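Protein chains in written order, with our numbering: chain A, 1 to 184; chain B, 185 to 567.
A couple of the hints might just be wrong.
Some chain B residues judged to face chain A by a derived CB distance under 8 Å, without partners named [claimed, not checked]:
{"#": "1", "residue": "F260"}
{"#": "2", "residue": "E316"}
{"#": "3", "residue": "L323"}
{"#": "4", "residue": "L324"}
{"#": "5", "residue": "F339"}
{"#": "6", "residue": "F368"}
{"#": "7", "residue": "A379"}
{"#": "8", "residue": "I383"}
{"#": "9", "residue": "E385"}
Note that these hints are calculated values from the structure, not bench results. For clarity, every value in this text was computed on a predicted model and none was experimentally measured. All C-beta atoms in this analysis are idealised placements derived from N, C-alpha and C, irrespective of residue type, glycine included.
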Amino acid sequence: MSPVRSTLSTSAGPVDGSLLQPLRGPETAGFWEGTARGELLVQRCEACGSLRFPPRPLCPSCHSTRRGWQPVSGRGRIWSFAVAHPPLLPAFSELAPYSVAVVEIEEDPAIRLVGMVVVVGANATLLPGPVPEIGAAVEVAFEERGDTVLPAWVLVDPHVPPRPGGGDITIPTAITIPTEGADR
Amino acid sequence: MSTIKDRAAIVGIGQTAFSKSLEPDETELACQAVLAALEDAGIEPAEVDGLCSYGQETTDEAELAAALGTGDLTFFSQVGFGGGGGCATVAHAAMAISCSAADVVVAWRSRKRGSARPWASAGGPQLPIPAEWTRPAGLLRPSDEVAVLTRRHMFEHGTRREHLANVALAARAHANRNPLAVMFDRELTLDTYLASRWISEPLCLFDNCLESDGAVAVVVVSAERARDCRQVPAYVHAAAQGLPRQHQAMVNYFADEPIRTPSTVAGHALWRHADVTPADVDVAQIYDAFTPMVLFGLEGYGFCPIGESGPFTEDGGLSFDGGRLPTNTAGGSLSEAYLHGFNLITEGVRQVRGTSHSQVEGAEISFVSSGDCVPTSALVLRR
Numbered sequence: 001m002s003p004v005r006s007t008l009s010t011s012a013g014p015v016d017g018s019l020l021q022p023l024r025g026p027e028t029a030g031f032w033e034g035t036a037r038g039e040l041l042v043q044r045c046e047a048c049g050s051l052r053f054p055p056r057p058l059c060p061s062c063h064s065t066r067r068g069w070q071p072v073s074g075r076g077r078i079w080s081f082a083v084a085h086p087p088l089l090p091a092f093s094e095l096a097p098y099s100v101a102v103v104e105i106e107e108d109p110a111i112r113l114v115g116m117v118v119v120v121g122a123n124a125t126l127l128p129g130p131v132p133e134i135g136a137a138v139e140v141a142f143e144e145r146g147d148t149v150l151p152a153w154v155l156v157d158p159h160v161p162p163r164p165g166g167g168d169i170t171i172p173t174a175i176t177i178p179t180e181g182a183d184r
Numbered sequence: 185m186s187t188i189k190d191r192a193a194i195v196g197i198g199q200t201a202f203s204k205s206l207e208p209d210e211t212e213l214a215c216q217a218v219l220a221a222l223e224d225a226g227i228e229p230a231e232v233d234g235l236c237s238y239g240q241e242t243t244d245e246a247e248l249a250a251a252l253g254t255g256d257l258t259f260f261s262q263v264g265f266g267g268g269g270g271c272a273t274v275a276h277a278a279m280a281i282s283c284s285a286a287d288v289v290v291a292w293r294s295r296k297r298g299s300a301r302p303w304a305s306a307g308g309p310q311l312p313i314p315a316e317w318t319r320p321a322g323l324l325r326p327s328d329e330v331a332v333l334t335r336r337h338m339f340e341h342g343t344r345r346e347h348l349a350n351v352a353l354a355a356r357a358h359a360n361r362n363p364l365a366v367m368f369d370r371e372l373t374l375d376t377y378l379a380s381r382w383i384s385e386p387l388c389l390f391d392n393c394l395e396s397d398g399a400v401a402v403v404v405v406s407a408e409r410a411r412d413c414r415q416v417p418a419y420v421h422a423a424a425q426g427l428p429r430q431h432q433a434m435v436n437y438f439a440d441e442p443i444r445t446p447s448t449v450a451g452h453a454l455w456r457h458a459d460v461t462p463a464d465v466d467v468a469q470i471y472d473a474f475t476p477m478v479l480f481g482l483e484g485y486g487f488c489p490i491g492e493s494g495p496f497t498e499d500g501g502l503s504f505d506g507g508r509l510p511t512n513t514a515g516g517s518l519s520e521a522y523l524h525g526f527n528l529i530t531e532g533v534r535q536v537r538g539t540s541h542s543q544v545e546g547a548e549i550s551f552v553s554s555g556d557c558v559p560t561s562a563l564v565l566r567r
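Construct the entire structure; sequences and hints are all you get.
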């Protein structure tokens, strides 16, 4: 099923002010060309194959400058989020309170993309969505905003999976205080 | 290997009043603070030959030197990345003095509330990298950016709002003992905290620092010269900066472990060349633009194990009077004034001198950190 694509509205109607647009630089243009086509792309090193986000000219692993874009499924899980209340920029105030989520993508949980949590409204427009939970499954929706199409997140399943047990989150039990003269 | 350990000291501190609104401009406020610090040190402006600033200070070194009538400058540095640079200015001053690049170095911060607030003014519809990945989605303000990390910390470690409240309540209690603090005569209770409006969940009004006008300055000289100054010197025992290799400003969601903040990197470097450990610290000024930053700092600098900063704050853990680690003893950014943490440095000095309004008895080792979630810095001062 292809992702939903529409404009963002408030429950009272279209957003009155102008919402922020991303600036497209030479390195990031590919991402926004992708969203304009309804694709979610992540930069890939063409030498070693590793994915990276945000896009950069050099691969931090192998230092190659050969890079391209890999389409990803648009599915992921919420890593964390904030629920923004005013004072905010005017256009965003109209949407408030709204949730913005950092989402780990299905293909690689180290790759995280930020988008507003939205729900598909009555006229197939996008509205600010419900407050989610960490771990909730989401899929991408595409928000048409002026000259740009931005990724946003729609909750897939109202039932959040149980919090992962020990294996998924590795948390060190203490930092090591280096002794005098120890190597970094 | 040579280090800066105990080779330089802060011998003068100065500040303007702290207020929601002061009339003089930032340059004039800076001059007031610097003159007060030099007076405190017993040193003439003409002897100043080094200046350090940070956080895109509106007054540059040339302007300040000319206004104050300093000597020619043979050392000057600016530290980037906003509020994380405060302690680094003192570190750079100590380095300069240790290398004989300058003899009298002043570090300062001067700020008015009307200073650049990009989230409020937008500055046009388009945004530069890296903000393009977060701002258009509605993550507009530092409070939103930190809220995301805070919620994750709550998820991973069971941190609760009451722990954030403990940070705010401790700072306010200390401010209530500090006549110069903006919140000197305003009490804060847990009920008020919990009932206050949301800014960016899980952060409420009282999880956010003040917005202040003011200026603060310090004077740094060699340990040898410090002996002749009129105040008890606060020796710069250790200092460090920290910028994690995968860092991305305050929207640091793209690293392997986003909630291991820059404090962790600075912390690792800080203790490396120190004769003391976190357990030896008597009093701490931990950057508190937001209450969770104190939790991140407690963990990053090794004052408690990862994940245990919440419980660390319980039962008066941060109080100057018998707490596990007396913290932000003049009221901090939350309740004294918000000047990108430079007032934390001066309070760190007062604790060494024994002149704080919330003095920790017998304090000898005094820790100060600068802005977390941005490339940061920290100091260990000692008697």
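To see whether the hints hold, each was checked on the structure:
About 28 Å separates the beta-carbon of F260/B from the nearest beta-carbon of chain A, more than 8 Å, and the hint is not met. The beta carbon of E316/B is positioned within 8 Å of a beta carbon in chain A (closest approach about 4 Å), and the interface hint is therefore held. Using the Cβ-Cβ criterion of 8 Å, the hint placing L323/B at the interface with chain A is satisfied: the shortest such distance is roughly 5 Å. Taken as an interface hint, L324/B checks out: its beta carbon lies about 6 Å from the nearest beta carbon of chain A, inside 8 Å.
Hint on F339/B holds. Least Cβ distance to chain A is approximately 5 Å, under the 8 Å limit. The restraint placing F368/B at the interface with chain A is violated, with a minimum CB-CB distance near 26 Å, outside the 8 Å limit. A cut of 8 Å between beta carbons decides the hint on A379/B: the least distance to chain A is about 15 Å, and the hint is violated. Interface restraint check for I383/B: the shortest CB-CB distance to chain A comes to about 6 Å, inside 8 Å, so the restraint holds.
The beta carbon of E385/B is positioned within 8 Å of a beta carbon in chain A (closest approach about 4 Å), and the interface hint is therefore held.
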